[in-house]
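Student: The residues making up each chain are set out below.
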Amino acid sequence: MGAFERIRDKLTFWRSKKDPSSFAVLFDRFQTVLKRNNEILEIMADMGDKLGGDYVFDRQYIIDITHRLNDQVYKIIYDLNMLSSQKYVDLYHAYERIHSQIQAELEGKIAYADERLVIDFEDITQDDIASVGNKNASLGEIKNVLKLSTPDGFVLTTKAFYDFLVQNGIDELLENMNIDLERDGSALEALSREVRDKILNGNIPAQVAREVRNHVSAFRSKFKKEKIFFAVRSSAIEEDAEHSFAGQYESFLNVPDDKLLEYYKKVIASTYSVRAWGYRLQKGFYEHEISMAVGCQLMVKPRCSGVLYTMDPISGENDTMVMSATWGLGVPVVSGETPVDRYHVSRDAPYVVKHMNVVHKSEMLVAKEGGGTETIEVPEDLQHKPCLTSDEINHLAHVAMLLERYYKRPQDIEWAIDEEGELIILQSRPLKVQLGYSGEFCMLPDITKGQGIIFEGRGDVVQRGVACGTAFVIRSDEDIEKVPFGSIVIARHTSPKLTKAIRKALAILTDIGSPTGHMATVAREFRVPTIVNTGIATRLIRTGEEITVDATQNIVYAGKLKELCLYELTQDEVFEESYEYRLLRRILRKVAPLNLVDPHDEKFKPKGCQTYHDIVRFVHEKAVDELIHIGEKSSKWLSSGLRRLDLDIPLGVSVLDIGGGVDESAEGNLIDANLVRSIPMKAFLKGLCHEGLWGSEPVSVDLGSFMSSLTRTFSTSVATPEQVGKNLVVLSKEYMNMSLRLGYHFNIIDVYISENVNDNYAYFRFLGGVTEITRRSRRARFIANILEQHDFRVEIRGDLVIGRLKKLSKKEMEKRVILLGGLVAYTRQLDVLMKHDEHVNHYEEEFKKRIGELLN
Amino acid sequence: MSAEEKTRILILDDEPIVCKRLKPAFEKLGYEVEIFTSSSDAMARIKEQDFDIVITDLKMEGVDGMEFLSAVKERSPATEVIVITGFATMETAKESFQKGVFDFVAKPFKISEIREVVKKAEKKKKEAGG
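Residue numbers (our numbering), protein chains in the order written: chain A, 1 to 856; chain B, 1 to 130.
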């Protein structure tokens, strides 16, 4: 849309203050925001779906869908700004930032969003993958999220790598190479030599060198040593992810800190060795996808070290993990050049050792004084001794299973045990395992035969996959923090707050929620098997119960079906090695993750938007706020075009119908309540006018004597006709915005209900009262409790209660709005009655009894 | 099932990912599959060998998919052609149907979708043949 139209729209907005139809115009814009919000979530879900592995898609698809997404995100920002008279122009900056990163991905340029050159391991998680490479990101995650022990140190980032290439003119060399490397072996060899020479003789950018020096001296003073020794390890983008790249790049042990930069160059030079380059070409990598981060880890002085496979990749035994161990450093275990101890250990706690092969170990590799490594003789008494005690085996097995559960693939783990006996994880990466199954048709029917089914075919599969584990049912926000690693999370409804638990979850089941909602998108990002909208998960499953979720067949089994999980763990995943998969996933990383979870967080600003999802979430929240705000303002200047609603209860309500809210047959200025067609209003009136809620005293027989004192001072119809005349409701078929002054308090109820789950929401605000603050806050607590029990997100500030609800099905939304109607009627003067704290509970029970029949 | 009895499928798409995904999927089901990303190579191949089923993209660089499917039908009318394309406009779809295309699958598609279409084409061929 051009500038002219923008101005015209703005003029319409201001002029509209005198024009009753303007609300309709604004409401129309609001609905556009909703529609677009939904469309964007659908597009994101569609893209996420493609990563699930079920679809065949090509590059053209990625280009087309990204284009559609860009367009919609831009327009929703525009829509919000039209709705709010340009309050959120900063969103355009956020859009530009993200859009240009995505564009760079599509054009084959790695987007250097992160400007950091050196990052401490303490600050690294999986999210930093583009800056620190797969291996370092995974080590950071193990250290900072799983809280396992890993070496201290820092990473020279991909940005540092890029700066180095630019400073030494190597980037140009690579960009301009014009030979078919794949077919021309000698050309590859010559170019490889040239690039490596340039790297080894290149200059480290001054800023990089300075930051490395600062980190080194910080470690020197921390450990009070004059010299620190490091293991310098490669960590390329995509290395260790779907591709093993095992041994393609170089790593160096026990490097003295003054030689760190020299060895740094050696590691990045190995990026362009003939072997590594050839491997990438063979795997179909493009040159621009390659970026090397380098980890500098403080040298561990191990008593013994080794490798652990969480499954036996050779025998294909499903229930056994394999540990290899030797004295000193672990290189001989990895390279397989000398015999080492081997332990076959059960994958189930308490991790019984099934088989143990202790060999004669005459030599060991150790760190040499002054740098490098050397092979020395193993002390006589240790040569025939097993490296690991049974306690150590047990601990190692436990940690290994934790890692496998977390990464959802069998793991290949490098570990060390230092002289103090502490277990240190040096590396953990996916291990490819082939199961003993033959033929393309698996034995799935055999595996699941006779297994008890808790429920099947209910709800919507959000992310395919299989998981077995122990259930953890979330009942409150606090529970989200308590989810143990490796749980199957069961929740009443999907919520952005649940995303906090996603990394700990093996699978997620919810009673209600939308397959295109925010949480669903994140579940796909993390590949957590997820089924939403099951209706009954929290009722049928208890915390601590062992279950198996099969989100490929949409079945939840009682008990752990280990074979089913193993089958999934070892599926062939060639698809995930394709360029298109990687490209789509990289783009999705800038689209799908949701960082703006809590609207009250100070980061909930346009500036805080890191992905399209953040932008859309922000827009949605603010659009609802705007509409409520406009609804409030409108009531001050609206006078014509209003009709009155004829109700059985003594309440005067003015109605503004902006489309489909009232039956066309309604004539004159008084509308019969039966002619209301607005879905939310009908529900609301049902609760509001229900006998026993409005009509009678909210008094229980048990409290009769206490109550009698009150009826003397207050009558049921507290509101006078002058007061009730000010109530306003704006209606459409799917929408109602009601401002209600009932006696001494003030309600705003803003609801949208349609067949489209993603559009649905309810907002309830309650304020005021005539009594002193303590009683009013008791009533506030009563309202909050009721709302919370019906899935509202509730905030209380003094006697102000705000309840929000989103994305339930039409039927469920209607129930909640009937409840709101009932609540409004019932609480008109409840504050007066709330003399004691116990009354909160009492009235809760009483209200539930009275509203009960309406909600069933 | 011996090699001679296997149903032969030729797949042509200039995006290698499509061929890479479809080949193993059909081979697992017991089909004999040849894949091409260059339409001129595919064109040369159909002159040497008749296929039972041809799966081709419509919009590619170089030779037009429409030209290719015409050539296939001309040489071997019994071959069933399945068109896959991302530019699924009604016009091109209609045009391809006129040329005797068996069915039309819009990209992106699920592997199960194209598998079903291939099975149907196979059934039709068998009924016609015997």
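Do not rely on the hints blindly, as some may be mistaken.
[Unchecked claim] Residues on chain A that point at chain B, a partial pick, calculated with CB under 8 Å:
#1 Leu51
#2 Tyr55
#3 Phe57
#4 Asp58
#5 Arg59
#6 Gln60
#7 Tyr61
#8 Asp64
#9 Arg68
#10 Asn70
#11 Glu580
None of these hints come from the bench; they were simulated from the model.
Think of the CB as a built atom: it goes at the ideal place given N, C-alpha and C, for glycine as much as any other residue.
Student: All hints are to be evaluated individually against the structure, with a verdict given for each.
Tutor: Hints and how they fare:
1. Proximity of Leu51 of chain A to chain B is violated relative to the hint, the smallest CB-CB distance being about 12 Å (cut-off 8 Å).
2. Using the Cβ-Cβ criterion of 8 Å, the hint placing Tyr55 of chain A at the interface with chain B is satisfied: the shortest such distance is roughly 5 Å.
3. Taking 8 Å as the C-beta cut-off, the interface hint given for Phe57 of chain A holds, the closest approach to chain B being about 4 Å.
4. The interface hint given for Asp58 of chain A is met, as the beta carbon of that residue sits about 4 Å from the closest beta carbon of chain B, less than 8 Å.
5. Hint status for Arg59 of chain A relative to chain B: holds, with the closest Cβ pair at about 6 Å, below 8 Å.
6. Using the Cβ-Cβ criterion of 8 Å, the hint placing Gln60 of chain A at the interface with chain B is satisfied: the shortest such distance is roughly 5 Å.
7. At its closest, the beta carbon of Tyr61 of chain A sits 5 Å from a beta carbon of chain B; the interface hint therefore holds under the 8 Å criterion.
8. Nearest Cβ of chain B to the Cβ of Asp64 of chain A: about 7 Å, under the 8 Å cut. The hint holds.
9. Below 8 Å, beta-carbon pairs count as interface contacts, and Arg68 of chain A has none with chain B, the closest being about 13 Å; its hint is therefore violated.
10. Of the supplied interface hints, the one on Asn70 of chain A is violated, with its beta-carbon coming no nearer than about 18 Å to a beta-carbon of chain B, more than 8 Å.
11. Hint on Glu580 of chain A holds. Least Cβ distance to chain B is approximately 5 Å, under the 8 Å limit.
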